[in-house]
Amino acid sequence: MANQPGSEFTRRQLLQRAAALAVLAGPAAGVLSACAGGGGGSAGTTGTKSATNPLGVAEDAPLDVVIFDGGFGTDYAKYDINLYKKAFPKANAAFSATQKISDQLQPRFANGTPPDVIDDSGANQIKPGTLVDSNALTDLQPLLDAPSYDDPNVKVKDTLLPNVLDVGTYNGKVYLLNYGYTVYGIWYNAKVFREHNWTPPKTWDQFKALAPQIKAAGIAPWAHAGKYPYYMGVPIMDWVGKVGGKQVLIDIDNLKPNAWRVDAVKTSLNAVLELVHNGWMLPGTEGMTHTESQQAFIDGKAAFLPCGSWLENEMRKTTPAGTELTVLPMPDLTASDKMPYGTLRAEAGEPFIVPAKAKNVAGGLEFLRIMLSKDAARNFAQATSSLSIVKGSADSVTGSTGLASVNKVNTAAGDNLLAYRSVTDWYPTLINEWEAATGELMAGRFTADQWIDKVQAAADKVAADSSIAKFHRDK
Amino acid sequence: MKFRRLPFIAGFLVVPVVLYVIYVVSPFVQTVFYSFTDWGGFSDTQNFIGISNYTRLFQDDIFLSAVVHNAFLLVLMPVVTILLALFLAFMLNVGGREDSAGIRGVRGSSVYKVVLFFPQVLSVAIIVILFQSVFRTDGRGLLNAFLMALGVVDPNQPVQWFNSPSLVMWCLLAVMVWSGVGFYMVLFSAAMQSIPKEIYEAALLDGASRGPTFFRITLPLLWENISVAWVYLGFIALDGFALVTGLTPDTGGGGPDHASELISNVLYRAAFTQGKFGLACAMGVALAVFSLLLAIVQLRITRRDRIEF
Numbered sequence: 001m002a003n004q005p006g007s008e009f010t011r012r013q014l015l016q017r018a019a020a021l022a023v024l025a026g027p028a029a030g031v032l033s034a035c036a037g038g039g040g041g042s043a044g045t046t047g048t049k050s051a052t053n054p055l056g057v058a059e060d061a062p063l064d065v066v067i068f069d070g071g072f073g074t075d076y077a078k079y080d081i082n083l084y085k086k087a088f089p090k091a092n093a094a095f096s097a098t099q100k101i102s103d104q105l106q107p108r109f110a111n112g113t114p115p116d117v118i119d120d121s122g123a124n125q126i127k128p129g130t131l132v133d134s135n136a137l138t139d140l141q142p143l144l145d146a147p148s149y150d151d152p153n154v155k156v157k158d159t160l161l162p163n164v165l166d167v168g169t170y171n172g173k174v175y176l177l178n179y180g181y182t183v184y185g186i187w188y189n190a191k192v193f194r195e196h197n198w199t200p201p202k203t204w205d206q207f208k209a210l211a212p213q214i215k216a217a218g219i220a221p222w223a224h225a226g227k228y229p230y231y232m233g234v235p236i237m238d239w240v241g242k243v244g245g246k247q248v249l250i251d252i253d254n255l256k257p258n259a260w261r262v263d264a265v266k267t268s269l270n271a272v273l274e275l276v277h278n279g280w281m282l283p284g285t286e287g288m289t290h291t292e293s294q295q296a297f298i299d300g301k302a303a304f305l306p307c308g309s310w311l312e313n314e315m316r317k318t319t320p321a322g323t324e325l326t327v328l329p330m331p332d333l334t335a336s337d338k339m340p341y342g343t344l345r346a347e348a349g350e351p352f353i354v355p356a357k358a359k360n361v362a363g364g365l366e367f368l369r370i371m372l373s374k375d376a377a378r379n380f381a382q383a384t385s386s387l388s389i390v391k392g393s394a395d396s397v398t399g400s401t402g403l404a405s406v407n408k409v410n411t412a413a414g415d416n417l418l419a420y421r422s423v424t425d426w427y428p429t430l431i432n433e434w435e436a437a438t439g440e441l442m443a444g445r446f447t448a449d450q451w452i453d454k455v456q457a458a459a460d461k462v463a464a465d466s467s468i469a470k471f472h473r474d475k
Numbered sequence: 001m002k003f004r005r006l007p008f009i010a011g012f013l014v015v016p017v018v019l020y021v022i023y024v025v026s027p028f029v030q031t032v033f034y035s036f037t038d039w040g041g042f043s044d045t046q047n048f049i050g051i052s053n054y055t056r057l058f059q060d061d062i063f064l065s066a067v068v069h070n071a072f073l074l075v076l077m078p079v080v081t082i083l084l085a086l087f088l089a090f091m092l093n094v095g096g097r098e099d100s101a102g103i104r105g106v107r108g109s110s111v112y113k114v115v116l117f118f119p120q121v122l123s124v125a126i127i128v129i130l131f132q133s134v135f136r137t138d139g140r141g142l143l144n145a146f147l148m149a150l151g152v153v154d155p156n157q158p159v160q161w162f163n164s165p166s167l168v169m170w171c172l173l174a175v176m177v178w179s180g181v182g183f184y185m186v187l188f189s190a191a192m193q194s195i196p197k198e199i200y201e202a203a204l205l206d207g208a209s210r211g212p213t214f215f216r217i218t219l220p221l222l223w224e225n226i227s228v229a230w231v232y233l234g235f236i237a238l239d240g241f242a243l244v245t246g247l248t249p250d251t252g253g254g255g256p257d258h259a260s261e262l263i264s265n266v267l268y269r270a271a272f273t274q275g276k277f278g279l280a281c282a283m284g285v286a287l288a289v290f291s292l293l294l295a296i297v298q299l300r301i302t303r304r305d306r307i308e309f
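Protein chains in written order, with the numbering used here: chain A, 1 to 475; chain B, 1 to 309.
Excised from the complex, chain A in its bound form:
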C-alpha cells in the first residue's frame, strides 16, 4: 500500500478506488459473456501478396507466438522470431513460453482470441484431436504450397522429410506442423558396452542371452518410467508393428473390431513380460518418473531404456562427460517378423498450430515458413541436438553421439517407418486405459490376456461412443 505507515485511509481514497474497481469490472463482464458463445470470428488481417511475401502478411500486424518451454528450450524460438522481425521490421513480433499450454490457452480459445502460433506440446498439451474436432485450427495447405524461404522454385512441402505431415493430417487435411523429428528406440551407453565387451542385440534371442551377463555385472538390464506408462509404447507398440506389419497398427488406429486380438499383440506383450518375470528390471522402476528412470540409466544402474530421441538434450545437464548415448532399433522378435531389422518408429513431433481465429493468420503461417528455412532448421538442430522435419537439418552438426546415431538409424531405415495415432493422440479415453493396462502389466499384476481384454474393451467403447469424433487413416 502506498500510504505512509500510520496514515489513515481517507474516505475520498476509498471512493476513488471503488470507482476504479467498478471501471475494471466493466470489461470483465464482457469477457465472461463472451464465454457464453459471443466471440465473433475474425478473418485475420492480410497485406498484399508478393514474391517475397507469398502469404500476404500485413507488414505492421503484430505477431503473438506461444512456445512450449520443454525439452527443446526456447533459444530456437528467439532466433526464429528475430528472423521474422528482420523480414517485417514494422511488426511487433514476440513470443512467450509456458509449460501449461492448455491451462493458459483454453480461455483464449473459448473467448475467440487465441495467439497466432502455438507450439502445442508437453504434458499439458491441448489434445490436437480436440482442437480439430472444434474447427479451431487453420488448414496449413497454403503454407505447404507456398514457395520455400530459400528457393522460390521449390514448394515448402518439398523441403520436408518423407511422411512427416501424416501425423498432423486429420481426415485428409494438414492442421498441425510437427516441427521436430523424433526417432524412438532403445537407448544404451556405448561406452559401458565397450568396457564390458557387450554387443548391442539385434534379435530378442541375443537380448535374452545378453541380459543375464548384464545382470551378473551388477547392472539391471532394463529401466523405464513406470509412473508414466506412455514410455513403454516403444517396445510394446513398436514390436506390434514390426511383428505384425503396418496394417495391424492401421487397423488398431481405425478401431476395427478385435484389432487388438491379433497374434502380434500377444507376442509383443509376452516378450515384454519376460523382462518383468525374469527379474531384468531395475528394482523400483515400475513407479519411477521419466527423469528418475533416465537419470538411473545415465548413472549406469540400467543398461537399456526405451525413449525418444529427445533423451540426449533432456538429460544434458546431468549427463557425465564421456557418456555415449546411442539409439538401437527394436530387435527382431521372431524369425518371421513382417518388417525387417532396422524398422523404426519415427515421426514428426512438437506440433505447431495456427488457430483459425488468430488475428494474424497470414503472419502465423509466415512464421512457420521461416521456421522451415534452412537457416532456422540448422539452428534448431544445433541448439537442441534434435532433428527437425527439414531435409538435411543436422548434416552439418557434429559433437553429439545421440544425434549422430539417430541420423544413422533413420537413414538406414529408409521407408521402413512405423507410426500409430489412436493411443498417442487421437482418443484420450483410449490412451488413458492403455496406460492403466500397461502400468499393471509392467508391475506384474496383469497377464497379456488381461491387458488385451482391457484395451480392446476401451477401444470398443470409443468406437461405440457417438460423442467422440472418429479419425481414419489408410497409410
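No wet-lab data here; the hints were simulated from the structure. Treat the hints with caution; some may be incorrect.
Claimed, not checked - What follows is a set of in silico ranges between Cβ atoms, one per label pair, in the way DEER data are often shown:
| # | chain 1 | residue 1 | chain 2 | residue 2 | range |
| --- | --- | --- | --- | --- | --- |
| 1 | B | V121 | A | D449 | 43 to 53 Å |
| 2 | A | A335 | B | A145 | 39 to 49 Å |
| 3 | A | E274 | B | A145 | 28 to 38 Å |
Claimed, not checked - Lysine to any residue pairs mimicking SDA-like chemistry, simulated, CA-CA at most 20 Å apart:
| # | chain 1 | residue 1 | chain 2 | residue 2 |
| --- | --- | --- | --- | --- |
| 4 | A | K100 | B | G246 |
| 5 | A | K475 | A | D166 |
| 6 | A | K100 | B | I126 |
| 7 | A | K461 | B | I62 |
| 8 | A | K127 | B | D38 |
Beta carbons: idealized from backbone N, C-alpha and C, even for Gly.
Position chain B against the provided structure of chain A, taking the given hints into account.
Just chain B, lined up with the frame of chain A:
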C-alpha cells in the same frame, strides 16, 4: 435524515456485490448452464443436450470409483487429522506434569509447536516434491531405504507405495493428514488456551487424571472448533487434486489402474485432455452438491448447545 441511509449503504455495497456476482456467482451459473451442453471448451459454440451429461456420469465406472475414493478420504481424513491434532494440542497445552505453576504442556512444547506447524507453511507443490522423494519406489526413496536398512524390505522388491493399488489411497491419506494436522493443532491449542485455568484446577483438586480431564472438560469446551475443523477438512478431502495429480501414476494421476482417481482429477482430465467441458461441468455441479450436503450433514451432527464461559 434517516431516509438517506439506505442509498448511502447501498452505495458502499454495490461494488462488492457487483464484483461478487461477476467473479463468483456468474461462473457458478455458467457452469450449471454448460453442464447441460456438449461444449468442448475450445470453441465458442455449444449445443443444448439436456441431462445426458448427468446420466452419462452415473454410468461412468471411473467417475463412480472416484466418488468412492473421495468418500474414503471424507470418512477417514478428518477423523484421523482431528484426533491427532487434539492429542497433540492436549499434550502441548495441558498434558505436562502439574507442578506449582499449574497447568502446562509437556517439556519443550514450544519447540514441538513450531515443528508440527511447519508443514502448514509449505506450498502444495513443495509437499508433492517432498513426498515424491519419501515414497520413491527404488532404494533411493527415504522410506524404502530405511526399510531396506532395517532388513524389512528386499532390495530387489522395494515397496511400490503410490504405484500399488492397495497402498496408494493410504499413502495419500498419510500425506493429507501430515500436511493438515499442524494447522488444526494450533487451532485447538488456541481454543484450549481460552479455556479458563480455574476449570482445570478445580478438576485437579477433585483428583481427575489426564484422561477424564480431556474427555469431561477439554473436549466438550472445544466442540465448536472441532465441528468447524470437520467441515473444512471435509472440503479438503473432496478436493485433493494437486496431490493426486503430482504423486500418483499415469498421465494426470489417478493410477495405478484408476486406483486413486478423485472427482477433481477425473473432472480435470475430462475437461482438458478429453475436451468434454460439458461433462466436466456436470462433474463440477455434482461435486458442489456433495459439498453442500456435506456441510449441512456435518453441521447438523455436530450441533450442540453452546457452553458459555
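Status of the hints after comparison with the structure:
1. Range check, B:V121 to A:D449: Cβ separation about 50 Å, and the 43 to 53 Å hint holds.
2. A C-beta distance of roughly 45 Å is found between A:A335 and B:A145, which places it inside the suggested range of 39 to 49 Å.
3. Between A:E274 and B:A145 the CB atoms are about 29 Å apart, so this pair conforms to the stated range of 28 to 38 Å.
4. The straight-line distance between the Cα atoms of A:K100 and B:G246 is roughly 14 Å, inside the 20 Å bound, and the hint therefore holds.
5. Taking the CA atoms of A:K475 and A:D166, the gap is near 9 Å; set against the 20 Å cutoff, the hint holds.
6. For the hint linking A:K100 to B:I126, the alpha-carbon distance of about 18 Å falls within 20 Å, and the restraint holds.
7. Distance check on the hinted pair: A:K461 and B:I62 sit about 13 Å apart at the alpha-carbon level, within 20 Å; holds.
8. Of the pairs offered as hints, the one joining A:K127 and B:D38 holds, with about 17 Å between alpha carbons and a cut-off of 20 Å not exceeded.
Of the numbered hints listed earlier, not one is contradicted by the structure.
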